[in-house]
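Following the hints, complete the assembly by docking chain B onto the known chain A.
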Amino acid sequence: MTKPKIALYWAAACGGCDVAVLDTNEKILDIANLADIVFWPVALDFKYHHVEEMADTSIDLCLFNGAVRNSEQEEIARLLRAKSKVMVAFGACACFGGIPALGNFTTRDEIFERVYIESPSSANENRTFPQTLTKVEEGELDLPEMFDTVMTLAQVVDVEYFIPGCPPPVDIILKVVDLFASGQLPPVGAIIASDKTLCDECERTKEEKKIARIYRPHQIIPDPNRCLLEQGIICCGPATRGGCGVRCVKANMPCRGCFGPPPGVIDQGAKLVSAIASIYQSDGQEDINRMLEDIVDPAGTFYRFGMADSMLKRKSLPQGERRA
Amino acid sequence: MKKISVNPITRLEGHGKIEIFLDDSGEVVNSYLQIPELRGFEKFCEGRPVEELPRIVPRICGV
Chain A
27 MTKPKIALYW AAACGGCDVA VLDTNEKILD IANLADIVFW PVALDFKYHH
77 VEEMADTSID LCLFNGAVRN SEQEEIARLL RAKSKVMVAF GACACFGGIP
127 ALGNFTTRDE IFERVYIESP SSANENRTFP QTLTKVEEGE LDLPEMFDTV
177 MTLAQVVDVE YFIPGCPPPV DIILKVVDLF ASGQLPPVGA IIASDKTLCD
227 ECERTKEEKK IARIYRPHQI IPDPNRCLLE QGIICCGPAT RGGCGVRCVK
277 ANMPCRGCFG PPPGVIDQGA KLVSAIASIY QSDGQEDINR MLEDIVDPAG
327 TFYRFGMADS MLKRKSLPQG ERRA
Chain B
-9 MKKISVNPIT RLEGHGKIEI FLDDSGEVVN SYLQIPELRG FEKFCEGRPV
41 EELPRIVPRI CGV
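Protein chains in written order, with the working numbering: chain A, 27 to 350; chain B, -9 to 53.
One chain only, chain A, in its complex shape (with noise of 0.2 Å):
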């Protein structure tokens, strides 16, 4: 009997979904007992040609870690879509659009501008950019277009399931792979993580949820059995996915999202907004200022992982610019 087939890509990634992967240790070796991986970047030496010959389909499952933010990453999409009878977005980024999504905020011309001219470290009086094809002496060279806005994989192509979190962890991995060996699949669209909030899961002392000013780390010393957010400490808790173990939570660290949002809500920064706002103590216009002051950066903190996959989705562009 031949063996299932599994394939990993990152895309627009840090490469930390690939190491949370490596991250199950010797359990790594039943994922090699279990199926053949006959494409992965990080470890194998596969090809992208090898890949296109590979007939439709005949991947059993493809965990696709990254966003999609250049041309490349969109076509090697649709080609492991193709050649995949399940697709997965592996990670907040392939989910959610990511950290790389707070590239939305931005365009594609800004950062060529503050990457090749502004940047300390460039020396660029020409004005060099990226191009996606240059003539050189021999021949032709070729770059993918990149994007201005950064996509989930979702919106690039049709996903079956959704393992989000910045990486998932082990014990997810470990599930996904047991559902897969075991055939028992859920339903497709799942995310396989809680349909709990991270509140729901964090052990914290929850009292009275009413704060009168927001504080920032170097403002205030975390009592470490106490919600972050009773302290005036803006946590993303509220309005994301529980099933992460609730790690940063347990280090001290407030919850920055990288689960997305929780079941029912669709945009998770608006959500986050409606929570502090609805345990703000305010006596009026005067006080809903100095918290609108207190909160330093709202769009990149409220939407640290998910600007992608937000209802924004990304700043207003200029007309006629490539892509929104």
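Bear in mind the hints are in silico, worked out from the structure with no lab data behind them. The structure displayed is predicted, hence computed values, not measured ones. Yeah, the Cβ is synthetic: ideal placement off N, Cα and C, and Gly gets one too. Some clues are possibly wrong.
As the list claims (entries may be wrong) - Per label pair, the in silico range of CB-to-CB distance:
(1) A:111 with B:47: 33 to 41 Å
(2) A:278 with B:-7: 23 to 31 Å
(3) B:12 with A:53: 41 to 49 Å
(4) A:292 with B:12: 48 to 56 Å
(5) B:48 with A:241: 20 to 28 Å
(6) A:97 with B:47: 51 to 59 Å
(7) A:72 with B:48: 22 to 30 Å
Unchecked claim - Reference excerpt, derived from the structure (chain B facing chain A, CB under 10 Å, subset only):
(8) 1
(9) 15
(10) 29
(11) 31
(12) 39
(13) 50
Stated by the list, open to error - Calculated from the model, a selection of chain A residues having no Cβ within reach of chain B, i.e. all distances over 10 Å:
(14) 36
(15) 42
(16) 44
(17) 63
(18) 69
(19) 96
(20) 107
(21) 164
(22) 306
(23) 308
(24) 323
Below, chain B without anything else, positioned relative to chain A:
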């Protein structure tokens, strides 16, 4: 001129491809390493609070 593409380069963190140009006798004339990916941390970290950067920039490379 013949071109050999090594795409993608593998078993390291990051995206890259190598183009090798050969002459008619199969000798290497020139080769190019290209990095087909940019996310733009240099730009999108601007304006974020300094205390949040230790939670953003580790995602430059997670390997």
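Hints, verified against the model:
1. A:111 with B:47: 33 to 41 Å: holds (37 Å)
2. A:278 with B:-7: 23 to 31 Å: Because 54 Å falls outside the window, the suggested range is violated.
3. B:12 with A:53: 41 to 49 Å: Holds - the Cβ-Cβ distance for residue 12 of chain B and residue 53 of chain A, about 44 Å, lies within 41 to 49 Å.
4. A:292 with B:12: 48 to 56 Å: holds (54 Å)
5. B:48 with A:241: 20 to 28 Å: holds (23 Å)
6. A:97 with B:47: 51 to 59 Å: Distance hint for residue 97 of chain A, residue 47 of chain B is violated at roughly 26 Å.
7. A:72 with B:48: 22 to 30 Å: holds (28 Å)
8. 1: Constraint on residue 1 of chain B satisfied, holds at 6 Å.
9. 15: Hint violated; residue 15 of chain B Cβ to chain A Cβ min 15 Å, cut 10 Å.
10. 29: holds (5 Å)
11. 31: Since chain A brings a Cβ to about 8 Å from residue 31 of chain B, closer than 10 Å, the hint holds.
12. 39: Nearest chain A Cβ about 5 Å off; hint holds.
13. 50: This hint holds: residue 50 of chain B lies near chain A, its Cβ roughly 6 Å from the closest one there, short of 10 Å.
14. 36: At roughly 8 Å from the nearest Cβ of chain B, residue 36 of chain A sits no farther out than 10 Å, so the non-interface label is violated.
15. 42: The claim is violated: residue 42 of chain A sits with its nearest Cβ about 2 Å from chain B, within 10 Å.
16. 44: violated (7 Å)
17. 63: Consistent with the label, residue 63 of chain A stays out of reach of chain B, its closest Cβ about 12 Å off (over 10 Å).
18. 69: violated (6 Å)
19. 96: Non-interface label on residue 96 of chain A violated, nearest chain B Cβ at 7 Å vs cutoff 10 Å.
20. 107: Label holds. Min Cβ-Cβ 18 Å, cutoff 10 Å.
21. 164: The assertion about residue 164 of chain A is violated, with a minimum of 4 Å to chain B.
22. 306: The assertion about residue 306 of chain A holds, with a minimum of 19 Å to chain B.
23. 308: holds (23 Å)
24. 323: violated (5 Å)
Hints 2, 6, 9, 14, 15, 16, 18, 19, 21 and 24 from the list above are not met by this structure, while the remaining hints are.
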